[in-house]
Amino acid sequence: MPAMTMVQSLNAAIDEALAGNDKVVAFGEDVGYFGGVFGVTRGLQEKYGLDRVFDAPINEAAIVAMGMGMAVNGLRPIAEIQFADYIFPGFDQVVSELSRIRYRSAGQYTAPLVIRTPCGGGIYGGQTHSMSPEAFFTHIPGVKVAMPSNPYDAKGMLLAAVEDDDPVIFFEPKRLYNGPFDGDPHKPATSWARHPRGEVPEGAYTVPLGVGEIVRPGSEVTVVAYGTMVHVANYAAEKTGVDAEVIDLRTLVPWDVDMVTASVKKTGRCVVLHEAPRTSGFGAELAAQIQEDCFYSLEAPVLRVTGWDTPYPHAHEWSYFPGPDRVGRALKQVMEG
Amino acid sequence: MPAMTMVQSLNAAIDEALAGNDKVVAFGEDVGYFGGVFGVTRGLQEKYGLDRVFDAPINEAAIVAMGMGMAVNGLRPIAEIQFADYIFPGFDQVVSELSRIRYRSAGQYTAPLVIRTPCGGGIYGGQTHSMSPEAFFTHIPGVKVAMPSNPYDAKGMLLAAVEDDDPVIFFEPKRLYNGPFDGDPHKPATSWARHPRGEVPEGAYTVPLGVGEIVRPGSEVTVVAYGTMVHVANYAAEKTGVDAEVIDLRTLVPWDVDMVTASVKKTGRCVVLHEAPRTSGFGAELAAQIQEDCFYSLEAPVLRVTGWDTPYPHAHEWSYFPGPDRVGRALKQVMEG
Amino acid sequence: MTLVTGTAFHVPAPGRRPGDTPDFSKIEVPRAGETRKPAVDAPAGEVTDLAYGLVRVLDHNHQAVGPWDPQLSDQELINGLKTMVLTREFDDRMLKMQRTKRLSFYMKSLGEEAVAVAAAAALNDDDMLFPSYRQQGALIARGKDLGEMMCHCISNARDNLKGRQLPIHYASAEHNWFSVSGNLCTQFPQAVGWALASSYKRSNRIASSWIGEGSSAEGDFHAAMTLASVYKAPVVLNLVNNQWAISMFQGLSGGESATFAAKAIGYGVPGLRVDGNDFLAVYAATRWAADRARRKIGPTLLEIYTYRGEAHSTSDDPSRYRPKDEWRSWPLGDPIERLKNHLIGHGAWSADEHETWRAQCEERVATTWKESIGHGTLEEGPHAPTHTMFEDVYAEQPWHLRRQRQDLGV
Amino acid sequence: MTLVTGTAFHVPAPGRRPGDTPDFSKIEVPRAGETRKPAVDAPAGEVTDLAYGLVRVLDHNHQAVGPWDPQLSDQELINGLKTMVLTREFDDRMLKMQRTKRLSFYMKSLGEEAVAVAAAAALNDDDMLFPSYRQQGALIARGKDLGEMMCHCISNARDNLKGRQLPIHYASAEHNWFSVSGNLCTQFPQAVGWALASSYKRSNRIASSWIGEGSSAEGDFHAAMTLASVYKAPVVLNLVNNQWAISMFQGLSGGESATFAAKAIGYGVPGLRVDGNDFLAVYAATRWAADRARRKIGPTLLEIYTYRGEAHSTSDDPSRYRPKDEWRSWPLGDPIERLKNHLIGHGAWSADEHETWRAQCEERVATTWKESIGHGTLEEGPHAPTHTMFEDVYAEQPWHLRRQRQDLGV
Ligand SMILES: Cc1ncc(C[n+]2csc(CCOP(=O)(O)OP(=O)(O)O)c2C)c(N)n1
Ligand SMILES: Cc1ncc(C[n+]2csc(CCOP(=O)(O)OP(=O)(O)O)c2C)c(N)n1
Ligand SMILES: [Mg+2]
Ligand SMILES: [Mg+2]
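Protein chains in written order, with the numbering used here: chain F, 1218 to 1554; chain C, 1218 to 1554; chain E, 297 to 706; chain Y, 297 to 706.
Mixed in with the good hints, there may be bad ones.
As the list claims (entries may be wrong) - These stretches of chain F come out as covered by chain E in the derived footprint (C-beta under 8 Å, 3 or more residues):
1) 1276-1287
2) 1306-1320
3) 1325-1335
4) 1494-1501
To be verified - Some chain C residues flagged as far from chain F (calculated, every beta-carbon gap over 12 Å):
5) 1218
6) 1344
7) 1348
8) 1395
9) 1403
10) 1407
11) 1411
12) 1425
13) 1429
14) 1535
Since the hints were made in silico from the structure, they are not lab data.
Idealized CB from N, CA, C, for every residue including glycine.
Required output: the full structure, derived from the provided sequences and hints.
Structure representation (structure tokens):
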């Protein structure tokens, strides 16, 4: 099995999708000839032609709407929004249109569009290249929301998203594109080649949406994370010696409530993590639901470790990013509770 | 003190603001000559002139951006978005611009824009005239979010919003425009004239943002609500006989954490309410924070009663709306917990 | 800050308000036949004059004249006329029923019947329509059962949308009629995407969409025009300038400074102004644009020039913002009267036949109404079963919706 | 679905890619002086030809010719030239420093110096600028301290933005320079709002904003144009067509089918195409538009026609999508060379003086850089104190931010 970066595995997924299904097209800003600013679609226009992998005007509403129109007409489009920070001009098309078309037409029309977009911080991208806006999308009935944490899942989940009959907002933590990242910026960069989930099978396979994964079994506390924070969680557990069970949620809507509640009922403690600002972040939903479902098993309140309620700063990147120290502190705190 | 509907008290507030401060202007779709589709700005163009109260093209991004540009240039604009359902074309201007201008310019530029918008259901408005999108805005650092539940607060809070040096998203529960509504559509409509908070002083006064109100003292369970749900909460408490303490949050960001936690620590139980869909609604934030702050006082999990995770339906209005029956059931359930 | 008197910046105003006498003297009405008809493959840059012209066929004597005369058979015209009359009768009844609270809401298309009905006639039945809320005439033209339309409007058990949508927000895949959105202009770029997928599939089907002049101020207008222009999509984009957007006259949407058709120029797309109350003109212009699309020459923007004869919807009272009965003075007349007079003029139709048909429509609508309410009403039901409220959010019901359904006990 | 071969729909392609010889033969370059200059109060409908012309002053002999010659004094021109040179030296050094990781990011304005510097010269210093990220020349022209610019770019303790923004996202109220946004086109409608408030205050100040041709596809472009047109706002809107938007040539933004200036026509706003590499032309057109705005006649859209000489930013490598050194073949030349040659041509400047000034700039930039890093660097700090991260989110810190600050222990 070849070792791949997440960029390569996403590229492979789109390649598989294009090869396997005539109805698949991919487009977005700089997606065509250039292959995307992160290279996720590199080489695919040359391989599949101008009308299957193409550039789109810089108008995110247009990109979503075009994808929706195409999907309604039977295609399986994969649209790229260059950075998740730039998805908002297209937000109305997602909230008011894409998410509702099945419902409001009583199933006569459906729009299985996949919107891929790189998200998250840790790259000194400042406030307009670092956002984690996933929570907004989890509050929109009718769209699924997913975020892989490694190359293997990225390929399998993206292929599952393309097969899915519902629209999927597919967040790609760009800090993980070229290697795992445990939240410590001072360590030398590591590569996916030396990570088990950097091994990516050739050919098509799917990792089902809606199913989480216990990436680190443990007994003392459940840590619910997704994207880059999965790696931070593992590292923090290791560093603190807290016997944490780390769950990689992978899909946010619908999330794997069974896996999470079983774990929390077992450990009696829970910490939820994300990079996005705290207030009304997806951690709020997780904490609210977990305390409701597991109240009588909980020995301490569910804690959240998240980005701060400020725009993402540039110079204070590592004071903002919820790194292993802050996660470690929360693990210790929840153990004392 | 004259009795006023909420439409009238909002109109009076804008009137006061325009009269008291040259810098105040009001605009939006149909806001000028017509006075708004709900009449909130009725008569004000005639009184203050075409350049102080005016119509705007049907482009919500333009409305927010124009307001922001004006606010940056020293005005105190009050923009109307005709229905909260239609705020999303302007969402990017709120998320990426309005909310961040103070931060990213390090205080050199500020944009004290008030965006008023009618929200909520109960009027058979279907999925595009019934939304309660407040949670989206609570996840945006840099904007304040408020929602009054009665004419008195509406006027005082709107005047506070206009005075506030930060942008305020001001949600107006349209079901309450013309009278209080306790969630029972089968009762005859009542009028604000017979409600104590329908008495609205003349002249300017403010109801400070960030401060909640205990609208019904109680000892058994704390109910946290805002907007129309405040009235539903009162009614449900009455109907069930549960001695609920009902808190009208009034401001969602920043919310009155001291008032809420003091109450929950006293009652040991809590139910949070909103009309918006459940997943990642503002109730999630409230429940997450309350369980964290009050964990050791809680005798049952914090429950949420909310709209369902579907678009707002037309015919099934009363199956969707979180009315007194559902709230009542939650009150009983939390008492058993 | 000291304000001097006078308006600080320009705020467009219609110049005629309640109490004023209607005054359309500023509206220039070119003679029928005056505006030229370019070849279907004319480059956009060579037809910019059409953005300032007005495609008209029926002259003041009700004769079809000039290059745009589509040369339709009497039967085709009579069909069009009949559909327009039916549409108007349907609208009338629905409005009345809303007044008696059987519908929560309604929007008429009075005066704009040709906009929709002529377009439907000029397009193929399998062309995909992305309408806004005032093109019910096109759905009727495509043969949608009136009873089904009513059942939708009253959200009863037979509503094909399961009670999920406001009245008039029809969706009918069978009629290649997309789901009407309550959000303005969103469907415009979607139509372009649909049309591109049609090209992609090497299909002959094109798309057409409608927005109002008020809606054309939305960013999605620019999205649609940019997409259509860049990829040369096979789409006919209609901008219905009916002079009003709720209470705002078209000057608030940019109409004071240029025609709406002129917006097409900057995209290198042909923009045609069309007399929207002239069935033949709307037919001919739509046909020209549809041919252009079908032959993959590219998109067209049609500014359909008309007047909103009624209130915006049942939620507003136009006598509060414009002169009463202004519509009666509209220089382009009533589309039904004009086509009727044309047909009568050359002996293919008569006033009696007309009245007979109108009465039949009234009757048919009334009968259908009675049947429809037999399947339930909004107020009293029955509606689609309550559990359906939780369906179609996703293809399969996820756990949280299942829980919510169970919580409601349905 | 069976796909036949060939492209199903039109996808614009630049026709020249890496490895190809640059070919600008399709670009028509009107002679300098050819495009007429209308009266400042000409109605928009009477200047539509200018959307297809090209305002040019400097001819191929570097002489200033024609009606648009702004008749600037030698000193004014020398000032402009000096500022352009300084801007280029500044950019060069910043790029190098980014390559050695002292900056996280940088964007040069190579070849576009006149776009910003000439505009700054033509506007009043108290006019409000809403720039995008490639108009640093205008900030330098307004006298912003280079050291402060650098301190911002390296987010050190003296960064006036407290380390909150990416490099080059300057904000300087003192210079009437709005906060540069990383989000494209958002500032365009804001500028219109600002300008309207200026009218409202009966102020003489106007606003000006810049976007790229790629960004003009955003919905906010339509928002800005609609607002400007409807309210006749005193604003100069610049659309810098530098041929590329990262890797996408201007055809992907609509440039294949019409000029970008032509977009103004549909709004009833004058749209002028301007040679962006001709300092005098940019000055003159800006001045015309500014006069129009200041006299409350209305807004103007200027398509500034130029070429992006460098990579989009330090994050991309243009040799992967366009011929190497394509810029060298750009038919409109280099703005610095052209103004220099003009001044030399009539004896107001010399090659030696030029080289001396350039070397002085290089030196000054180098010295300033050394001073600036003395106040800290991005990598090593010091930065603004960490607690400032929690400030300025709101005027006053609410409880949740206070808690978060305490949680971080700062
Ligand atoms: C995004 C959005 N903003 C505002 C509205 C409220 N609204 C509904 S119809 C309407 C006027 C539309 O006017 P126009 O486009 O001219 O169409 P017409 O009603 O004249 O056919 C408005 C403002 C809406 N439905 N959607
Ligand atoms: C809303 C938004 N979408 C996408 C981007 C990513 N992006 C940054 S610059 C750029 C290209 C802009 O090109 P153009 O407007 O022509 O300006 P230029 O760089 O040529 O000066 C893109 C796509 C962004 N910053 N904001
Ligand atoms: Mg209209
Ligand atoms: Mg560009």
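A quick look at each hint next to the structure:
Counting residues of the region 1276-1287 of chain F whose CB falls under 8 Å from any CB of chain E gives 9; the rule of at least 3 is met. Here's how the region 1306-1320 of chain F fares: 8 of its residues keep a CB closer than 8 Å to some CB of chain E, so the rule of at least three is met and the hint holds. With 3 residues having a Cβ less than 8 Å from any Cβ of chain E, the region 1325-1335 of chain F passes the three-residue criterion, so the hint holds. Requiring three or more residues with a Cβ within less than 8 Å of a Cβ of chain E, the coverage given for the region 1494-1501 of chain F is violated, as only 0 such residues are present.
Residue 1218(C), annotated as away from the interface, keeps every beta carbon of chain F farther than 12 Å; the closest lies near 37 Å. Not every beta carbon of chain F lies more than 12 Å from that of residue 1344(C), the smallest distance being close to 6 Å; the non-interface claim is violated. Once the 12 Å rule is applied to beta carbons, residue 1348(C) is inconsistent with being away from chain F; the minimum gap is 9 Å. Here residue 1395(C) stays apart from chain F, with its beta-carbon at least about 27 Å from theirs, past the 12 Å limit.
Every CB of chain F is more than 12 Å from the CB of residue 1403(C) (nearest about 27 Å), matching its label as outside the interface. With a least CB separation of 32 Å from chain F, residue 1407(C) remains clear of the 12 Å interface cut-off, as annotated. Consistency note on residue 1411(C): stated as away from chain F, and its beta-carbon is indeed over 12 Å from all of that chain's, at 36 Å minimum. The beta carbon of residue 1425(C) sits about 20 Å from the closest Cβ of chain F, which is more than 12 Å, so the claim that it is off the interface holds.
With a closest Cβ-Cβ approach of about 16 Å to chain F, residue 1429(C) is found to remain outside the 12 Å limit, as its non-interface label requires. At roughly 18 Å, the least C-beta separation between residue 1535(C) and chain F is larger than 12 Å, which holds for a residue marked as non-interface.
Checked against the numbered hints listed earlier, the structure breaks hints 4, 6, 7; every other hint is satisfied.
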